[in-house]
Structure formats: C-alpha cells, structure tokens
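Residue numbers (the UniProt record's numbering), protein chains in the order written: chain A, 1 to 133; chain B, 1 to 133; chain C, 1 to 133; chain D, 1 to 133; chain E, 1 to 133; chain F, 1 to 133.
Derived from the structure by calculation, the hints contain no laboratory data.
Beta carbons: idealized from backbone N, C-alpha and C, even for Gly.
Please note: incorrect hints may appear among the correct ones.
[Claimed, not checked] Here are some chain C residues pointing at chain E (derived, C-beta under 7 Å):
1. Asn71
2. Arg90
3. Arg94
4. Leu98
5. Ile106
6. Pro107
7. Val110
8. Phe113
[Unchecked claim] Using C-beta positions, here's what the derived DEER-type ranges look like:
9. D:His74 to C:Arg117: 32 to 40 Å
10. A:His74 to C:Arg117: 18 to 26 Å
11. F:Lys57 to D:His74: 25 to 33 Å
12. F:Ala29 to A:Ala29: 33 to 41 Å
13. B:Ala125 to E:Val123: 53 to 61 Å
[What the hints assert, rightly or not] As a list, the in silico EDC-like pairs of lysine to aspartate or glutamate whose alpha-carbon atoms are at most 20 Å apart:
14. B:Lys24 to B:Glu122
15. A:Lys81 to C:Asp31
16. C:Lys57 to D:Glu52
17. C:Lys57 to D:Asp53
18. B:Lys57 to A:Asp53
19. E:Lys81 to A:Asp31
20. A:Lys57 to B:Glu52
21. F:Lys57 to E:Asp53
22. B:Lys57 to A:Glu52
There are 6 protein chains.
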Amino acid sequence: MSNEMFERGLAIRKDVLGAEFVEKSFAAADDFNMPMQELTTEYCWGWVWGREDLPRKTRSMLNLAMISALNRPHELKMHVKGALKNGVSRAEIREVFLQVAIYCGIPAGVDCFRIAREAFNEVDAQAKPAAGD
Amino acid sequence: MSNEMFERGLAIRKDVLGAEFVEKSFAAADDFNMPMQELTTEYCWGWVWGREDLPRKTRSMLNLAMISALNRPHELKMHVKGALKNGVSRAEIREVFLQVAIYCGIPAGVDCFRIAREAFNEVDAQAKPAAGD
Amino acid sequence: MSNEMFERGLAIRKDVLGAEFVEKSFAAADDFNMPMQELTTEYCWGWVWGREDLPRKTRSMLNLAMISALNRPHELKMHVKGALKNGVSRAEIREVFLQVAIYCGIPAGVDCFRIAREAFNEVDAQAKPAAGD
Amino acid sequence: MSNEMFERGLAIRKDVLGAEFVEKSFAAADDFNMPMQELTTEYCWGWVWGREDLPRKTRSMLNLAMISALNRPHELKMHVKGALKNGVSRAEIREVFLQVAIYCGIPAGVDCFRIAREAFNEVDAQAKPAAGD
Amino acid sequence: MSNEMFERGLAIRKDVLGAEFVEKSFAAADDFNMPMQELTTEYCWGWVWGREDLPRKTRSMLNLAMISALNRPHELKMHVKGALKNGVSRAEIREVFLQVAIYCGIPAGVDCFRIAREAFNEVDAQAKPAAGD
Amino acid sequence: MSNEMFERGLAIRKDVLGAEFVEKSFAAADDFNMPMQELTTEYCWGWVWGREDLPRKTRSMLNLAMISALNRPHELKMHVKGALKNGVSRAEIREVFLQVAIYCGIPAGVDCFRIAREAFNEVDAQAKPAAGD
Numbered sequence: 001m002s003n004e005m006f007e008r009g010l011a012i013r014k015d016v017l018g019a020e021f022v023e024k025s026f027a028a029a030d031d032f033n034m035p036m037q038e039l040t041t042e043y044c045w046g047w048v049w050g051r052e053d054l055p056r057k058t059r060s061m062l063n064l065a066m067i068s069a070l071n072r073p074h075e076l077k078m079h080v081k082g083a084l085k086n087g088v089s090r091a092e093i094r095e096v097f098l099q100v101a102i103y104c105g106i107p108a109g110v111d112c113f114r115i116a117r118e119a120f121n122e123v124d125a126q127a128k129p130a131a132g133d
Numbered sequence: 001m002s003n004e005m006f007e008r009g010l011a012i013r014k015d016v017l018g019a020e021f022v023e024k025s026f027a028a029a030d031d032f033n034m035p036m037q038e039l040t041t042e043y044c045w046g047w048v049w050g051r052e053d054l055p056r057k058t059r060s061m062l063n064l065a066m067i068s069a070l071n072r073p074h075e076l077k078m079h080v081k082g083a084l085k086n087g088v089s090r091a092e093i094r095e096v097f098l099q100v101a102i103y104c105g106i107p108a109g110v111d112c113f114r115i116a117r118e119a120f121n122e123v124d125a126q127a128k129p130a131a132g133d
Numbered sequence: 001m002s003n004e005m006f007e008r009g010l011a012i013r014k015d016v017l018g019a020e021f022v023e024k025s026f027a028a029a030d031d032f033n034m035p036m037q038e039l040t041t042e043y044c045w046g047w048v049w050g051r052e053d054l055p056r057k058t059r060s061m062l063n064l065a066m067i068s069a070l071n072r073p074h075e076l077k078m079h080v081k082g083a084l085k086n087g088v089s090r091a092e093i094r095e096v097f098l099q100v101a102i103y104c105g106i107p108a109g110v111d112c113f114r115i116a117r118e119a120f121n122e123v124d125a126q127a128k129p130a131a132g133d
Numbered sequence: 001m002s003n004e005m006f007e008r009g010l011a012i013r014k015d016v017l018g019a020e021f022v023e024k025s026f027a028a029a030d031d032f033n034m035p036m037q038e039l040t041t042e043y044c045w046g047w048v049w050g051r052e053d054l055p056r057k058t059r060s061m062l063n064l065a066m067i068s069a070l071n072r073p074h075e076l077k078m079h080v081k082g083a084l085k086n087g088v089s090r091a092e093i094r095e096v097f098l099q100v101a102i103y104c105g106i107p108a109g110v111d112c113f114r115i116a117r118e119a120f121n122e123v124d125a126q127a128k129p130a131a132g133d
Numbered sequence: 001m002s003n004e005m006f007e008r009g010l011a012i013r014k015d016v017l018g019a020e021f022v023e024k025s026f027a028a029a030d031d032f033n034m035p036m037q038e039l040t041t042e043y044c045w046g047w048v049w050g051r052e053d054l055p056r057k058t059r060s061m062l063n064l065a066m067i068s069a070l071n072r073p074h075e076l077k078m079h080v081k082g083a084l085k086n087g088v089s090r091a092e093i094r095e096v097f098l099q100v101a102i103y104c105g106i107p108a109g110v111d112c113f114r115i116a117r118e119a120f121n122e123v124d125a126q127a128k129p130a131a132g133d
Numbered sequence: 001m002s003n004e005m006f007e008r009g010l011a012i013r014k015d016v017l018g019a020e021f022v023e024k025s026f027a028a029a030d031d032f033n034m035p036m037q038e039l040t041t042e043y044c045w046g047w048v049w050g051r052e053d054l055p056r057k058t059r060s061m062l063n064l065a066m067i068s069a070l071n072r073p074h075e076l077k078m079h080v081k082g083a084l085k086n087g088v089s090r091a092e093i094r095e096v097f098l099q100v101a102i103y104c105g106i107p108a109g110v111d112c113f114r115i116a117r118e119a120f121n122e123v124d125a126q127a128k129p130a131a132g133d
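I would like the entire structure built from these sequences, with the hints used as guidance.
Quick look at the structure:
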C-alpha cells in the first residue's frame, strides 16, 4: 500500500463524499471489506481523482454518465451528491441525464432522473434546519 | 418530422463528424435505414446536442465515457474523432479513458486505449500531405 | 418541440400506461425533469410507438425482451402492465421471459419472472372491488 | 441428453439457420465444443423454440431485440438471416431496430442497422445466380 | 422433460440452496412460472452443475464472478449463500469480489461487498440460537 | 506510483502473458497510453493478482467467466492464453464457458467458444516447429 497515494485519496474522497461518511465506512470495515476500502481510496480516489489533467467537476460529470450506463443505482445516487459538492449544478446534472437517455436508452434515462430526485430530496432534507432551531 | 429540429441537428452533426461523412450517410440511405438517419439527426444531434446548457466539448467527453461503458467500438472511434473536432485534447481523452478503466474495469479501459490509438492514426494519416505535394 | 408528434405520443402513452399515471407524471414535473417527460413522450411514444409498421402488441413484447436484457426492473414492471393493456396474454409474457432466460441467462430470467409476478399482483389488486362495494 | 428434445431442436435449428450450416457446425465439433453444440441444439432450439405458445416469427423478432441489447454482433447477423427465413420482412426488421435505438440507445441502433445491411448483402449475394447460369 | 436430468438437478439444487427453499419455490409455482422452475432445475442445476469436470466449489466462485458482472443482486445474494454451502470461505469470497472490482469496475465491486454483507448477516442470524434455547 | 507494487505486477504479468508481449507493450507506449500501462501493471497485476488468498489458476478461471460476461473479446482471447499458462486445461476452459452459456445466455456462450478456438489455434501454431526445423 503506497501511503502517499492512500493519503491523497482519503483527502479527496472526504472532500467529495463528506468526511463523516468516509470515516463511518472505515469504522465499519472489518477483515472482509477493509481491502475494498483501501483499494477504492488509493486507486480510485488517489490515483485517478488525484490526477490534475481534468477538473473535479468534469470527473463528476463523467462519473454520472458512466455509472448510469453501468446501471449501478446505489453508486449513482452517491455520485449525484458528490457532483453537487464538486460544483455541478442541477441543470448540468439534468443535461448529463438527458444525454444518457439518448445514448443509453430511455429506460436508463428514466432511472437516472428518479435517482437524482431521491438524491436531491435527501440533500435538501439535510440542509433544512429542524423546526425550532 | 420537425423540420427545424432536423436542420439544427444536421448542421451540428456536420460540424462534429464532418460534412462529407454525413452527406455520404444520407446518400447511401434507402427505405431500410433512412428513418434511422432521420432519427439520429433530429433526436440525437438536434434535440440533445442542440441544447445549450452544456458546451459541445463537455458533451463529447460524456459520450466517450458512456460509449466506452456501453461497449460500442465503432461508435466510440467515431466519437474520438468528433471529440478532437470539439476541442478535447488527446491528454483529456487519456484522462477520460483512465477513469473508464477504474469505473468500468480494466478490460474496458484497454479496449478504449486501443480504439483511441486507431482513431488518432487515421486522423494523423488524413492530415499528412501525400509525398510529392 | 414538434407539437403534432408530442400530441400523438401523449395519446399513445395514456392508452398504454393509463391516463392517470401520465397526468401525474406531468403534474409532478418541474424544471429539472420536464425535458425528460417531453423527450419520452415525443420520441419514444410519439415517434417510435406511433409508427404503424408493427402492431402495439408486438412492440410491447419487444420491449419486455429488451428491457429484461437491459436490466431495468422499474421500467420492466411498468411495461408488463402496459403489455397486458396492449393485449399480450400472461401466457405470452411467460414465453417471452422463458426466451429471455435462454438468451440473456438464467439470472435474467429469474428476475423477470419475479417482476412479472409483482406486476400481476398489483394489477389484480386494483381490479378487485373493495370489500363492501 | 434427452433424445427427443435434441431431435426436435435439430429440426428447428435446420429450418431456421439452414441444414448445411448446422451440419457443418456438428462436423467441425470436437471434444472441446461438442457439449456446446448439444446444449444449444437441445436447450435453445428444442426446449424454447419448440414451445408452441409463440409463433416462430415472433420469437425471431424477440431475438433481434434481445441480441441487439446484449451486443453480440455475430449472433445478431445470424439471427437477422434466420428472421428472414421465419417470415419477418425487412421493413419489420427495420421497425425492431428503430425501437432498439430508442430503448437501448442510439449507438446500439446504429450497430444494428450496419449488421442488418451486412446480413442482407450476404443473403442477396447467395440468391443471385452466378454470371453465365 | 428428461426425468433423469431433472432429478439430478433437483438434488444438486437442494444441496446448494437448501431443500426448504427449493420446495417452497415449487410449491409456489403455478402455470405462469412452473416452466421456469423446470428449466432452471433441469438445465442449470442438472445439466451444467451436474457435469463433473469442475468441483462445485469452483462453479460457485465462477457464479459469484459472473453474476456480479451481470449485475443481478437478488441472484448474487442467493449464490453467496450457496457458495458458503459449497465450501467457499468468506476470505475467498472477498478475493473474488476484489477481482470483480478491478475487472468490472469499482461500482460493481462496491455493490458486491454490500450484498455479501447482507448475505452473511442473514446466514449468521439463522445460525444463532434464539434466546432461551 | 508504488515501485514495489509495480515490480510485483510486472513479474506476474510477464509470467502469465509472456515477457515478450509485455515488453512490447511498454516499448510501444507513449505519453498517451503509458499511464494505462502503469495502472494495469500495478493495480491489476500487482495489487489483485499479487494477493495470495487465491491461486493463479482460480484467478484465471474467474477472469474467463467475468470477461465473457463483460463481452470484451480482445481481452478474453488474451486471458484464454493466460489461463493455459496458469495450468487451466482445455477441458476446464470448456466447463467455464458452458457455465457462461447458462448464466450469461447462449449468445455469450457461442462467442466464448469461437474465441477460445481462435486462441487455441494461435497457441498451437506457435508451438509447432516450422517445417525443416
């Protein structure tokens, strides 16, 4: 395990997905899934997200397109939230998913719009101060 | 068939894929595939590429990512060439395909790099003046 | 947006999926997903479903086969219900899904049969008069 | 291996793909791929194609839709030829592939039309009497 | 229906998935899905699992890899439990899914680890004696 | 880039795919695809193939199953040859691909058997001494 790449990945992953979420993932890891946590942090967040030839905003939009095509709803919802953190606007997310509908087919597009709506609702619920605050 | 949307699509399609290529496609079309030519021109190039909320350069990068995930080598090669026309640099194409390798898997990444190389070679061969010019 | 194509699509979509379902979809749409509603209605339901060279019953069976292969369970359930509306019998749906099992693999087939059962149960529950009626 | 199911499958397979093609496949089989020949003949052609609840013409159209979505060009070309033998017209094949373009995405549709054209050309070349006949 | 192949498949299927589960599946089957139960039992469990050239433990690991790539979570969870019955250790399941993450992409890997965890939790809950036993 | 992981990956990759093939790949690499060569060597061959909890023979069989499901013929052919180097027999490859036919569908199985045949033919041609030797 390359410490430098892992540390770089951990910092980017926390920036994009939120420190609390990432810390919980590591805290919940055991012998079974710790290597997966390490792989993801080092290679995915450290190696590829750490490359500077594309801005994070662009990488987020590419992920939305790819993960839609790959048909992975859990990961897609997480990356919709990550895209908002990386400065992709809701209108830009809409444009990515309209392009998905044309290139990956209408059923893929319909699924994306439903998942994005769920992600937006969760983000909005967290942002809203509780009554009485 | 909406004439305005078709005309807008035809213009964008010629810009991105080259007027000669598009004119040949229509010239070769018959009763069997003319509706596919029309659908693609109007719906894909007119409707989604004609929307102004994302720049063409971004749409090209999204297409590279999606078509890689969809595993469609003929279309991918065509869109690598289109991406170059839309101002995506070879270094940026490399970055898209490294991200494909991580998110869609190593075999997908290997295929993309081979196809991009073929596209670059064809583009370079066309750009080179014939000996004796 | 071609008004004529959109109107044709809206009528077919209501016939196949039910007017109430479609009206709710439009009523719930906002700036984010309205373009997706329009795209689906015009191109999918107006352009392709509006073509007369295949009967709706055949188009429904093709959709069951394709959407099974594409692995999109939400859309599949909706199109099982739509297929029943278009005159595909439960025995014919069974045959489509047995062919899916052979050509797309056993896990795809198992998923289809489970989703079809859920769709049938929902259709049967709606058809049953409430106790006391 | 159930002899009855195998024999039923062999007869249907020869009807749809041509006796010569099927006989060559068995003649070329050895220890490595004979079990695959047997599985395909019995399970695919005997078991599912032998069921009488859908006409062969419908099963051919379903196969074109599914194999397009599955992205298997060799098998798709073979089934385009089989579909013609089962009475699917070229116009009906066009309609199936336009529906593929909408539901599986434009790149899938483009690939299908190219493969269908190759299949038609091969069928037409075989049908044409040699010069001097 | 070949009785011998069906009986062999039924025995293997009960060994791997549990007799109770399989009996429930048949008891719940009706005209609609009985042919799917028969197909699965005879061809999948009888024909391929009944071949002796690979041990069941290897077939289970192959299934985990393939069903992950095919993106079929219900079937994957069932086959994680089946793999444990066939002697695949949790550490070996981890290794299969790390290989999935590299070859099918990180989102596929993440999904597999989540599904495996759910399967393990269900297996552990069943194994635990109820309080007071 | 972790030197140790890269060196471990380079050694394994040469063992499985042949030193000459790997050296040619690096010799042909330029700014465009060198990062992909490095990623594949370190992450795929070093990180996952270097883990000792599964024997290489098992990892090869898993790859055949996954890459078949992923529908990547170039990579599949290379991994058929690699599997032979890792001690997977032709009979075992046959068994993997029969299981692919059942779980991923008949068209996937047919493609695998064709690609395996091509790989075997190439391996046999290389093994045969030239006439006159």
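Against the structure, the hints:
1. Hint status for Asn71 (chain C) relative to chain E: holds, with the closest Cβ pair at about 6 Å, below 7 Å.
2. Among the interface hints, the one on Arg90 (chain C) holds; its C-beta lies about 6 Å from the nearest C-beta in chain E, closer than the 7 Å criterion.
3. Checking Arg94 (chain C) against chain E: minimum C-beta separation of about 5 Å stays under 7 Å; hint holds.
4. Hint status for Leu98 (chain C) relative to chain E: holds, with the closest Cβ pair at about 6 Å, below 7 Å.
5. Nearest Cβ of chain E to the Cβ of Ile106 (chain C): about 5 Å, under the 7 Å cut. The hint holds.
6. Hint on Pro107 (chain C) holds. Least Cβ distance to chain E is approximately 4 Å, under the 7 Å limit.
7. Taking 7 Å as the C-beta cut-off, the interface hint given for Val110 (chain C) holds, the closest approach to chain E being about 6 Å.
8. Against a cut-off of 7 Å between C-beta atoms, the interface hint on Phe113 (chain C) holds, since the closest Cβ of chain E lies about 5 Å away.
9. Separation of His74 (chain D) from Arg117 (chain C) is about 34 Å and conforms to the stated range, judged on CB atoms against 32 to 40 Å.
10. Between His74 (chain A) and Arg117 (chain C) the C-beta distance comes to about 24 Å, which sits within the given range of 18 to 26 Å.
11. The hinted range of 25 to 33 Å is satisfied by Lys57 (chain F) and His74 (chain D), whose Cβ atoms lie roughly 29 Å apart.
12. Take Ala29 (chain F) and Ala29 (chain A): their Cβ atoms lie about 35 Å apart, and the range 33 to 41 Å holds.
13. At roughly 59 Å, the beta carbons of Ala125 (chain B) and Val123 (chain E) sit within the given window of 53 to 61 Å.
14. With a CA separation close to 18 Å, the supplied pair Lys24 (chain B) and Glu122 (chain B) stays within the 20 Å bound.
15. Proposed proximity of Lys81 (chain A) and Asp31 (chain C) is supported: the alpha carbons are some 19 Å apart, at most 20 Å.
16. Taken as a hint, the Lys57 (chain C) and Glu52 (chain D) pair is honoured in the structure, with Cα atoms around 18 Å apart against an allowance of 20 Å.
17. At most 20 Å may separate the alpha-carbon atoms for a hinted pair to count; Lys57 (chain C) and Asp53 (chain D) meet this at roughly 15 Å.
18. With a C-alpha separation of about 15 Å, the suggested pair Lys57 (chain B) and Asp53 (chain A) falls inside the 20 Å cut-off, and the hint holds.
19. Taking the CA atoms of Lys81 (chain E) and Asp31 (chain A), the gap is about 19 Å. The hint holds against a cut of 20 Å.
20. Between the alpha carbons of Lys57 (chain A) and Glu52 (chain B) the distance comes to roughly 18 Å, so the proposed pair stays at or under 20 Å and holds.
21. For a cut-off of 20 Å, the pair hint linking Lys57 (chain F) to Asp53 (chain E) stands: about 15 Å separates their Cα positions.
22. With a C-alpha separation of about 18 Å, the suggested pair Lys57 (chain B) and Glu52 (chain A) falls inside the 20 Å cut-off, and the hint holds.
Hint compliance for this structure: no hint is broken.
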